[in-house]
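Participant: Those protein sequence lines, which keep their order, are chains A and B.
Numbered as in the working numbering, the first sequence ends at 166 without a single skipped number.
Numbered as in the working numbering, the second sequence ends at 298 without a single skipped number.
Keep in mind the hints are simulated off the structure, nothing from the lab.
Beta carbons are placed, not taken as given, at the ideal position from N, Cα and C, and that holds for glycine.
Misleading hints may appear alongside valid ones.
[To be verified] Part of the chain B face toward chain A, derived, beta carbon under 8 Å:
#, residue
1, ASP177
2, ALA184
3, LEU192
4, LEU195
5, TRP253
6, TYR257
7, TRP261
8, GLU263
9, ARG264
10, LEU268
11, VAL271
[Said to hold, decoys possible] Okay, the calculated bits of chain A under chain B, using three or more residues with CB under 8 Å as the criterion:
#, segment
12, 8-14
13, 17-23
14, 27-36
15, 93-107
[Said to hold, decoys possible] Restraint-style ranges between C-beta atoms, simulated for each label pair:
#, chain 1, residue 1, chain 2, residue 2, range
16, A, GLU96, B, ALA215, 47 to 55 Å
17, B, GLN248, A, GLU96, 32 to 40 Å
18, A, VAL12, B, GLU224, 22 to 30 Å
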Amino acid sequence: MTELKVTAEPGVPQILTERAFDAPRELILRAFTEADLLAQWLGPRGYTMTVETFEPRAGGSWRYVHNDGDGNSYGFHGVFHNDPTPDGFVQTFEFEGAPGHVSLDTMTMEERDGRTIVRTNSLFQSVEARDAMVQSGMADGMSQGYDQLEELLEQQGASLKAHHDS
Amino acid sequence: MVTATTDDQLDAVFGALADPTRRSILARLTQGEATVAELVAPFEMSQPAISRHLKVLERAGLITRTRRATARLSHLRAKPLQDATEWLTAYREFWEERYERLEEVLAALQEHDADRSPDPDPGSDPTGRSTS
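Using the sequences and the hints, build the whole thing.
Facilitator: Now the structure itself:
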C-alpha cells in the first residue's frame, strides 16, 4: 500500500522514486520545507541532523550536516531552484564529500482521495555518479541496523492501526 | 554479497534485463533448461536473433550454456539477478526507513492540527493516544 518504488534504468543517470502517504500534500510540503520538521526524518537513524541554512524559495540555499556521534560529520548543500508549492519543487543536491558531483532533484506531489503520491526524480551528471550514489546509499542503508528498522515498523504499524480504527 | 559484484557486471546485468525478449527468455528458463529451438518457438524471431540475445545473457552471467549431443542448452543462473536486485533493494530500504519516519512526522502534524481545531467527529481521535 505504501510501498516505495525505486527505478534506476541502465544507462540513464537518473533515479526515480514513488511513494504514497496518507496525508494532504500541504502537510507533506511542510515536512519537506520546514527545517525543524525536515530534521526529524531526513537524517539517517543514529545520526543527528543539523540544519545550518534553509531558505526554501527560488534561489535560496540550504545546507545540513549529519553527525554520527563519533566525530564524523557529513555535509550536504544545494540551492532551491523555484518556490516550493504543493505541486513540488526543484533543487540541486551535493554531498560535500564528493565536491562537484551535483544532482538535480525534482520532487512532485499528486493528491488523490486524501492520499498523496510523492515522486522524486534525481538526475546525475553521469551513470557512474548515479551508481556511486546508489552504492553509498546502500552502505548507509546496510549500517542502519535492522532491529531499529523493526522497532520503527512496529511503532508505525501501531500508529497506522490507530488511524485505521478511527 | 554485493561486494563481490563489480560495476561492470551490474552494467551487463541491467543492460541484459533492459530488453523484453531477454526478460521473456529468462522467465522461460525459470521453468527449466531449454534448447535454442525451444526458446525460438514463442517469439516471432529468427534463431540467429534469439542466439544473439542468449549471448548477451551469457555475457551478463545470467545464463550458462552447455551442449548435449547436437543441441545447445541454456540454463538460468540466479546469482547475478540476486546481486542486481540487492543493489537497488538496499538503496530502497534506506529511503523506506526515512519515509517511514516522515510518515510519523506527518501523523504527529495531523494529530496536532486536529487538536487545535474543534473536531466535529469525536471518533477521529482515538483516546489514549499521545504524541510522545
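Participant: Indicate, hint by hint, whether the structure satisfies it.
Facilitator: Do the hints match the structure? See the list:
1. ASP177: holds, 7 Å
2. ALA184: holds, 5 Å
3. LEU192: With Cβ-Cβ at 15 Å, over 8 Å, it is violated.
4. LEU195: violated, 20 Å
5. TRP253: holds, 7 Å
6. TYR257: Result: holds, 4 Å to nearest chain A Cβ.
7. TRP261: holds, 6 Å
8. GLU263: Cβ of GLU263 (chain B) sits 6 Å from chain A, so the hint holds.
9. ARG264: ARG264 (chain B) check passes; min Cβ-Cβ to chain A is 6 Å, inside 8 Å.
10. LEU268: This interface hint holds because 4 Å falls under the 8 Å limit.
11. VAL271: Because about 5 Å separates VAL271 (chain B) from the closest Cβ in chain A, which is inside the 8 Å limit, the hint holds.
12. 8-14: Holds, because 4 residues of the segment 8-14 of chain A bring their Cβ atoms closer than 8 Å to Cβ atoms of chain B.
13. 17-23: holds (count 5)
14. 27-36: holds (count 4)
15. 93-107: violated (count 0)
16. A:GLU96 x B:ALA215: 47 to 55 Å: With Cβ atoms ~49 Å apart, the hint holds.
17. B:GLN248 x A:GLU96: 32 to 40 Å: holds, 34 Å
18. A:VAL12 x B:GLU224: 22 to 30 Å: Since VAL12 (chain A) and GLU224 (chain B) have Cβ atoms about 24 Å apart, the given range 22 to 30 Å holds.
Checked against the numbered hints given earlier, the structure breaks hints 3, 4 and 15 and satisfies all the rest.
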